[in-house]
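Asks: Take these sequences, add in the hints, and give me the full structure.
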Amino acid sequence: MKDLYFYLIIGLIVNFILITVNAKNIPLDTTNEKNSTVASENKNENTNKKETKESNAINKIVDSVIDQIHQLIIDNVDTYEKPEILEKMEKEDSLRKRDLTTEYLLDYGDSSLVYPISTFNNITVLYAYLSSDVVETVKSMSHVKYCAEEIYYEESSSDSTIDFIKENTHWKDVGVTNDASLHLSVVSQGKFDESVNGKYDENYYYPSSAGEGVDIFIFDSGFDFTHDEFSNTDECTVKCIFKVKDAGGRISGAAKKANIYGVVLDKYNMANKAAAMQYIKDNLFGPNRAIFNFSHGGDIFFNPNEIIKYDREFELINALTEEGAIFFASAGNKSELRHRPCTSENIICVGGIAVNYKYSYFTEYIVDEGSNRGKGVDIYAPYTVSINYNDYNGNEITNRITRGTSFSTPLVAGVVATIISENKNINFNKEKMLAYLNQIGLRDIIKGLPEGAPNLLINNGNHIVYDSNGNISWDNPVDDQQIEKIVNYNEHFYWKKITNLSQINDTEDVIVIGGNENNGNKLGITKCVYEGKEYYGRVSTDYEILIYTKNPVTPYQWIKWNGKFPIDAVYIRNNPNGKTFVVGRTTNENGVGIYSGYVDVDTKKLTISLNGEEIVIDKDYEILIGPDNHFTWKKMNVITKLSDNYKIIIGGMDNNGNQLGVVKCVYDKNYYFGHTNMEILKYGSIGIDNTEKQITDFDVLVYSEAPVIPYKWENWHNLPHNAIITDNPNGENYAIGRINYKNDIHCGYIELRIDILHISYDGNEEEFYNDFEVLTCPPNRMYWKRITDVSQLQDHEHFVIGGNENNGDTLGVAAIRMNNNIYYGKINLEKLDYANFGIDGKEITTNAFEVLIYTDEPFEPLKPLEIIDPSKTTTTSTTTTSTETTNITIISTKTTTTRTTATVNWIEPDEPIDHMEWVKFDGSNISSEAVSIKNNPNGKTYVVGRTEYNGGVHCGYVNVEFGELTISYGSKQIIVSKDFDILIGPSKNFYWKKMNKNTQLDGNHQIVIGGNESYGAKLGVARCKYENNNYFGKTNMEYLNHANIGVDNREVECPEFEVLIYSKEPIEIIEPTEPIEPVEPIEPIEPIDDIEWVKYDGSIPSEAVYIKNNPNGKTYVIGRTTYNGGIHCGYVDVDLEILYISYGRKVIKVLDNYEILTGNADRFVWKNIDSYFISDDYEIVNGGRESNGDILAVAKCKYNNNYYIGKLNLNEFDHANFAYGNNEYDTKYFEILLYKKN
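To convert, count from 1 in the sequence shown and add 50; that's the working numbering.
By construction, these hints were calculated from the structure, which means they are not laboratory data. Keep in mind that a hint or two might mislead.
To be verified - Below 30 Å or equal to it, Euclidean Cα-Cα: the simulated DSSO-like pairs (lysine-lysine) are: (1) Lys685 / Lys629; (2) Lys655 / Lys629; (3) Lys691 / Lys654; (4) Lys482 / Lys610; (5) Lys546 / Lys249; (6) Lys614 / Lys577; (7) Lys1114 / Lys1075; (8) Lys1043 / Lys984; (9) Lys1114 / Lys1164; (10) Lys216 / Lys195.
Replies: The following block contains the structure:
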């Protein structure tokens, strides 16, 4: 046998300098031929000559040895069993010489069969491929010291390891980075536990496609593509390349063949990002192969007036996501919750786990102390990485250890690129990719995360581990069924057995055309069953045709049980018997009919009922899976009709062909799954206690196209786009938030200007700056409703759960109006009597509230910011879907408050009443002898009512349409829906009279006392006119100078009013006069003798009209100036002596040339008046005029608890204007300056 070897030929060389070149080993496929090293020595006697001459002589000796061995190989090629290896060596040598782009580390010289590889200590080593016959001849050559057979080392990754990985990951081929950094090795192996696993695999394994064809767009401040990490070396150096390395560097990157696009941001702002994304979208973007990496982020100060500017970034993210782009963003490095841009629902948010580079293996899986974390963070990757880069000066830095989620993010992006390149037939999107990562990632192994937050460590699908003996095994096998479901699911395609075109819905579905015959007949795509297996293209009579549907196919399915219970199975948990069940089904033993029942997760057996018996099955059954938030249970009978949003889950059919629905039945206080005949719908059938039970208390399983519970509580860091906010007159914007406080969960309002959550607790207002949640919801699933009893909910309406008390009572979200501003608070859903919210350091309790409701189905879509304003909550229906058992109202837009109309009956007393009396309102009946106001222009009828409130008794008006009492207190309108009294008596004994403190009544007439203040002062019943309608209110009997009513969400003070009088004897009834027609605004007011506008001369006059004691510490006087053709009034800051007026939405500051109002302070008064104001005692102070001649009154406006002077156009009595900050503000809440005539 002719033995062949690669040999190292070693000889003695003096002062030989060898240029190193890259040598490639030739793989051997025979045991008879070996690589050899030959040691060659040169005994050159001319050692006294110059070094250059010695070197030349030595080179000649080495060349001579190489030539002799080369010729020897050629002459003895017949002694080689595999001479083709020699041919391969010569061919590769030829290719090397033509390759001008690669600088090889070895100079192979003239011979392709023999070449030097090392010179050291006067010994030159030659490398050659020799047969056993040639070896003997070489050994005898002069200058050859000896021949040694090549020594081979074991590869870090053996073929068996590669094969094992390929088999379990299903990768087409496997690439390896040996001795990789920890941040890479950890993402391509299973969980390592030093106490269990024999060794840690320090290699990084990846699919050999390595991200090829995938575009990764890295947004950063600079890149260096000339570094040897990258193959695209034609780009120039800008700044740094830190973050790009983890995604696509050749040494330390996860996706070594991905296309890296560096998006240089000279400034990290949204304008730059939006511009870059727009360019990519228009010029570079490819659907389903683009990955965006945002290794930046931050806290964005929220300004509601600039919210549109912030939206463009997310609009582009959403648009690119719809086309298949996948976005990743770093969670941030503040040890907090996620931040922008992670707040976008279309971004996968990446946090970091700690990595300790003091060890060569992973010691602990724990969230890094610097990483943001929480429910908003979707996935985690190493927080600390080892990278190579060029610094600002171009110096190469290697193995630099650096930290941050900005390095975790591109690592995840790189892994995802390899997934996409390995599965080019799959159109991944954000949802599909995140679901895929959840399947192949390492779940629930990270310590230090908040309870309920996602716990997922990135992994590329390779889960190899080694047991204690060092044997390879597989950790936590991936559920291939779930993976197949994720990657194969396309919501618009399905297979169907059809025999003619009438069997498909031609308005929604079309057959997918796969080609045509030569006669023009179209060919569909079919899936055929042949010998029990499915094929495409076989000849078979058992086939299904591929259909494309315009509307997505329902994403639930029955899958064959494989021994595991998926998280998206349909479960019953928390049964009193301790059992947990999932929905299952099977074909009966005769192969006729399919029946659903319950699978016990402990015994793993399915129980169904059939023909009066309980049947237990332990194999060959299916379970139902689907998105949990789309399944719901409904009580039904044969006449129940469901809207298009719902589809009944069909679990099978009986032997007669009747469809069977899936049911949940109550038996012995526990729930079980069974089936019901959809033709009858009288009972559900379950198998239990060795028999079949027919249960009449059952619910049918249905699938909802829209999420069943549409709202989410998300960790707060910035305002999500679908949060529920208000736009209040006080200039503040609030969102709904909640927090875990003192072992309870309490909801309140987030003050967006300063990012503070306000709640109420135990009589106080509490404020929180972090660790709270914000409520989000699609705008067409939620609205506010006035509700005081759960029976007022319709079937499709449900409370939004905002928290809970420590006694277990559930808390809903309440909206409360105070001073015409909306605040959010909490309402006990067990009682529905009072709501609470916190303000000014106190807990406010009120029964004037609305509760937040969500609906089963979406109603008519609305603009997001319109529906979420509780001051304009929706009401009444445009579409009603009704059945004989359920009425479902679908909400549309209408800018009035949603309220429940009460059924109130006017009743006649058994016999006429002869006295005045307060009677308790029973919720439905009002005596015809109640003191009432009718024929108001607004069409409303009111009766006098009163209730206890805040330590006193306060009277007001009862709106008989809603059965609610309205009173006023503390500048607020208070609405009371129960526990109040109504005034009744003989109508001929009541009359109304204008009164003041000097009015005297005789003994037969008495003022009707409607209540008292908390300190004891009596309150009379008053009648006031407001905007041409009459209302009942109260007047303090100690003053009798004004009355108060609750209207337009505030307390209104009425200087003109009448008091209710009761006469012991009947009197002639004088009905109020009909409302008069609106009067024209008064003529321009003549100057009043006792007041004067004084030109400012550098000092403030002592007789000026002041506003003092503002919380801001400022004192203002009234001033005015000419501007733009008119005269405009405002306020003068006495410290700065600057006049502030407003005009054209701007603030105008006047340093001089203005006037100040002066007069007798005792005769000035501020009053809340309307356009019908006429008085014999007071005149409106003329503050100026518009350029068109409209008169301007002087207005006092309240803002942020401070008062400012503004102006009111007497032709437009609906609002006043004032200057504040840099803007002109409008307000409906103002008082007008009057001057007493006498």
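Asks: Does each hint fit the structure? Answer for all of them.
Replies: Here's how the hints hold up against the structure:
no.: 1; hint: Lys685 / Lys629; result: holds (23 Å)
no.: 2; hint: Lys655 / Lys629; result: holds (12 Å)
no.: 3; hint: Lys691 / Lys654; result: violated (36 Å)
no.: 4; hint: Lys482 / Lys610; result: holds (22 Å)
no.: 5; hint: Lys546 / Lys249; result: violated (51 Å)
no.: 6; hint: Lys614 / Lys577; result: holds (28 Å)
no.: 7; hint: Lys1114 / Lys1075; result: holds (27 Å)
no.: 8; hint: Lys1043 / Lys984; result: holds (18 Å)
no.: 9; hint: Lys1114 / Lys1164; result: violated (55 Å)
no.: 10; hint: Lys216 / Lys195; result: violated (46 Å)
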